[in-house]
Amino acid sequence: MALSGSFNNYPVSSFGLYCEWNATQSVIGNYSDVTLYVYLSYYTIGVGERSDSYINVNGENEQYTVAAISDYTSGWKKKLLKTKTVRVYHDGSGNASCYLGASWRFSGTYSGGYIGWIETATTAYLNQIDRSAPTVSLSYGSITASSVYISATASTTCDIWQYSINGGSSWVTFNSSSGTSRGYTITGLSPNTTYSIYVRARKSSNQVYGTSGLASVKTLGGTVLNSVSTVTADNATATIAINRTIYTASYTHTLVIKNGSTTILTITGIAGTANTSSQTITLSAAQRTTLLAAMSSIKSFTGTFIITTYSGSTQIGIPSSTTATVQTTSANSAPTFSGFTHSDTNTNTSNITGNNQVYIKGYSLLTVVATAATAKNGASISSYQVTAGAAVASSIGTTIAVGKLYTARTVPIVVTVIDSRGYTSSATVNISVIEYKGIEISNYLMRRLNEVESTTEITISGTLSEITVSSTNKNAFQYLKYRYKKTSESTYSSYVTIAPTYTATSFSYDNDEFISLDSDYSWNVQIIVADKLSTDTIDIVLPQGMPLMSFRQKKVGVNNRTPTAALDVVGEIKQNGYGVLGFVKALLSENFNDITEPGIYFYGNNPALTNKPVSAVGLLEVFGYGGYIIQRFTAVPSGNALYIRSYFNSTWTAWIEK
Numbered sequence: 003m004a005l006s007g008s009f010n011n012y013p014v015s016s017f018g019l020y021c022e023w024n025a026t027q028s029v030i031g032n033y034s035d036v037t038l039y040v041y042l043s044y045y046t047i048g049v050g051e052r053s054d055s056y057i058n059v060n061g062e063n064e065q066y067t068v069a070a071i072s073d074y075t076s077g078w079k080k081k082l083l084k085t086k087t088v089r090v091y092h093d094g095s096g097n098a099s100c101y102l103g104a105s106w107r108f109s110g111t112y113s114g115g116y117i118g119w120i121e122t123a124t125t126a127y128l129n130q131i132d133r134s135a136p137t138v139s140l141s142y143g144s145i146t147a148s149s150v151y152i153s154a155t156a157s158t159t160c161d162i163w164q165y166s167i168n169g170g171s172s173w174v175t176f177n178s179s180s181g182t183s184r185g186y187t188i189t190g191l192s193p194n195t196t197y198s199i200y201v202r203a204r205k206s207s208n209q210v211y212g213t214s215g216l217a218s219v220k221t222l223g224g225t226v227l228n229s230v231s232t233v234t235a236d237n238a239t240a241t242i243a244i245n246r247t248i249y250t251a252s253y254t255h256t257l258v259i260k261n262g263s264t265t266i267l268t269i270t271g272i273a274g275t276a277n278t279s280s281q282t283i284t285l286s287a288a289q290r291t292t293l294l295a296a297m298s299s300i301k302s303f304t305g306t307f308i309i310t311t312y313s314g315s316t317q318i319g320i321p322s323s324t325t326a327t328v329q330t331t332s333a334n335s336a337p338t339f340s341g342f343t344h345s346d347t348n349t350n351t352s353n354i355t356g357n358n359q360v361y362i363k364g365y366s367l368l369t370v371v372a373t374a375a376t377a378k379n380g381a382s383i384s385s386y387q388v389t390a391g392a393a394v395a396s397s398i399g400t401t402i403a404v405g406k407l408y409t410a411r412t413v414p415i416v417v418t419v420i421d422s423r424g425y426t427s428s429a430t431v432n433i434s435v436i437e438y439k440g441i442e443i444s445n446y447l448m449r450r451l452n453e454v455e456s457t458t459e460i461t462i463s464g465t466l467s468e469i470t471v472s473s474t475n476k477n478a479f480q481y482l483k484y485r486y487k488k489t490s491e492s493t494y495s496s497y498v499t500i501a502p503t504y505t506a507t508s509f510s511y512d513n514d515e516f517i518s519l520d521s522d523y524s525w526n527v528q529i530i531v532a533d534k535l536s537t538d539t540i541d542i543v544l545p546q547g548m549p550l551m552s553f554r555q556k557k558v559g560v561n562n563r564t565p566t567a568a569l570d571v572v573g574e575i576k577q578n579g580y581g582v583l584g585f586v587k588a589l590l591s592e593n594f595n596d597i598t599e600p601g602i603y604f605y606g607n608n609p610a611l612t613n614k615p616v617s618a619v620g621l622l623e624v625f626g627y628g629g630y631i632i633q634r635f636t637a638v639p640s641g642n643a644l645y646i647r648s649y650f651n652s653t654w655t656a657w658i659e660k
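Following our numbering, the numbering of the sequence shown begins with 3 at its first residue and continues without gaps.
Don't take each hint at face value.
Dumping the calculated DSS-like pairs for lysine-lysine here, alpha-carbon to alpha-carbon at most 25 Å [stated by the list, open to error]:
| hint | residue 1 | residue 2 |
| --- | --- | --- |
| 1 | K476 | K406 |
| 2 | K301 | K378 |
| 3 | K260 | K378 |
Ranges between beta-carbon positions, derived for each pair [said to hold, decoys possible]:
| hint | residue 1 | residue 2 | range |
| --- | --- | --- | --- |
| 4 | E515 | I646 | 50 to 60 Å |
| 5 | S518 | N607 | 44 to 54 Å |
| 6 | N607 | Y408 | 32 to 42 Å |
| 7 | T505 | V371 | 31 to 41 Å |
| 8 | S340 | K439 | 14 to 24 Å |
| 9 | D596 | P639 | 23 to 33 Å |
| 10 | N452 | P639 | 44 to 54 Å |
FYI, nobody ran anything at the bench for these hints, they're computed from the structure. Glycine is no exception: its CB is placed at the ideal position from the N, C-alpha and C atoms.
Generate the whole structure from the sequences, applying the supplied hints.
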């Protein structure tokens, strides 16, 4: 390797091409500027111009012209024909070689011999340029939430110092002075973030950069809230057990508890050691009260716990959050309830039993007065509920009117107080409810003597229940009364008391000559019976007396009190077991096939009737014997057209017009 040299080609002694070269190097640029000098060596010469001469440096070939030479002076000479300089770049290791060549055409005789082209060439191996990079090491420390201190040390003097926080994608110069080590604090970093940091330094002598190894540096971040245990807010000492990761012990924290989007509680000034561990936060009495007040109408909720980290008043990173159950318990928060009183507020039943603590099924009115309950831990009393058998009632006040009881014997009264969270407390008292059924007229009959006379007959019987208190029947039969009026009138007579036969559980009354009610009229008779607690009423309609035959001047009625003809019969008339032909009724929607009872029927051309002979107003006559029936229809609007058909062997013949 060299930075200069020479080479030649002499076809004959001291005549030919002689070349010299030299190179100047740029260490920073990693190149050499190589210059080639081409000379003609001779003693004497006479030659014309040559325009086809060549010089080549590192592959750059140049043709040039050499002027005619005529020199016959004595002595050896060296004439410069051409100079050429080329920049040769070295490889990454600083190595380079350079081809050097020259040619010139003589085309003549010299020293007795013919010489045509004279050519010479060599390869120059240039001195190696230092391209080694400095060895650079990186250390770091003083990590904060937004900065880290880096220290770079180089194996040789460097003049530019840079760092990258994104794995080498981009670089920032932090120092431009020469030396072998430099330090710098990188600022403006994000908390709780991992950065891929490199440093590099430029070697002063060759401006080659050396890069350190990768350092993965994580800035200090806001505390991470890993988990929160279930919070029992109504414990005597309420605590919040958290698991958290704190990066710097000097940080303080604010913990916020939310229910949905509503902030329930904020706790400030929380500190802790720099590690990942569990920590218990004890609520103050005021904080506990605030939390319970926010839960005054709920037993529990899924809370969002948000922890925010501060360095002084500066927030570090972003808040960290998790969820956990915030609850109250029945054991701690159920209302306090001492009991209640009860009474029968129906004076009728309590007067009968002589004790308003004893009840009669279906008649007593239960009223409960509860001792005012006390709500706990921020709740309020919502209502009082009473259950007594099938009877249920509730009230927001302490007095609850339950009403009638429909379950007999021993019945528990359960009074439940309910608070705003839905927690309950109950008290129970058993009461005695007497089975009772109201007095009842179960059988009765009233009729006219012989169905015709004014004198009436009556039979009445019924039952009543005992009301037994302390083995004593407190019930008794009270009265049996009646009153009456004509059916056509609106006002009854006054009640009349009658004396039945009765026991503790039944009564009856029979009289064959009860009262006299004019047989020409229909009568309404009302009968009422009572024991100490209840009554029962029946209404009887007594029809007119209906004689089998009635005789009036020139008139006789059969089942008819007021005949209007010499013989006026109400009901069917038969002869030898068969009905005597007479008017029966007007037809409305019947099927003619179903009309088989002897008699005369009026047909008003109602389209609803079926199997009629013709759609026309007319009269239908039906008569027959045994299984034979004849229907004869006279159509009045059609000129009294007559239609006949018969029924035999369960079949109707077709209608025939006569």
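(message) Just to be careful, I want the Cα atoms of K476 and K406 compared with a cutoff of 25 Å; is the pair within it?
(response) Status holds; Cα separation ~19 Å.
(message) Please check whether E515 and I646 have a Cβ separation lying inside 50 to 60 Å.
(response) holds (59 Å)
(request) For S340 and K439, compare the CB-CB distance with the range 14 to 24 Å and indicate the outcome. (result) violated (38 Å)
(request) For the pair supplied as a hint, K260 and K378, confirm whether the alpha-carbon distance does not exceed 25 Å. (result) Since the Cα atoms of K260 and K378 sit roughly 22 Å apart, the hinted pair holds (cutoff 25 Å).
(request) Verify the proposed pairing of K301 with K378, using a straight-line Cα cut of 25 Å. (result) With Cα atoms ~12 Å apart, K301 and K378 stay inside 25 Å; holds.
(message) Does the beta carbon distance between S518 and N607 stay inside 44 to 54 Å, or does it fall outside?
(response) Holds, since S518 and N607 (Cβ atoms, about 52 Å apart) stay within the stated range.
(request) Determine whether the Cβ-Cβ distance between N607 and Y408 falls within the hinted range of 32 to 42 Å. (result) Given range 32 to 42 Å: violated, Cβ gap about 60 Å.
(message) Looking only at beta-carbon atoms, does the pair D596, P639 fall within the given range of 23 to 33 Å?
(response) holds (25 Å)
(request) Given the range 31 to 41 Å, decide if the beta-carbon distance of T505 to V371 lies inside it. (result) The hinted range 31 to 41 Å holds for T505 and V371, with Cβ atoms some 40 Å apart.
(message) Just to be sure I understand the hint, the distance between the Cβ atoms of N452 and P639 should be within 44 to 54 Å; is that true here?
(response) Given a distance of about 51 Å, which is inside 44 to 54 Å, the answer is holds.
Checked against the numbered hints above, the structure breaks hints 6 and 8 and satisfies the rest.
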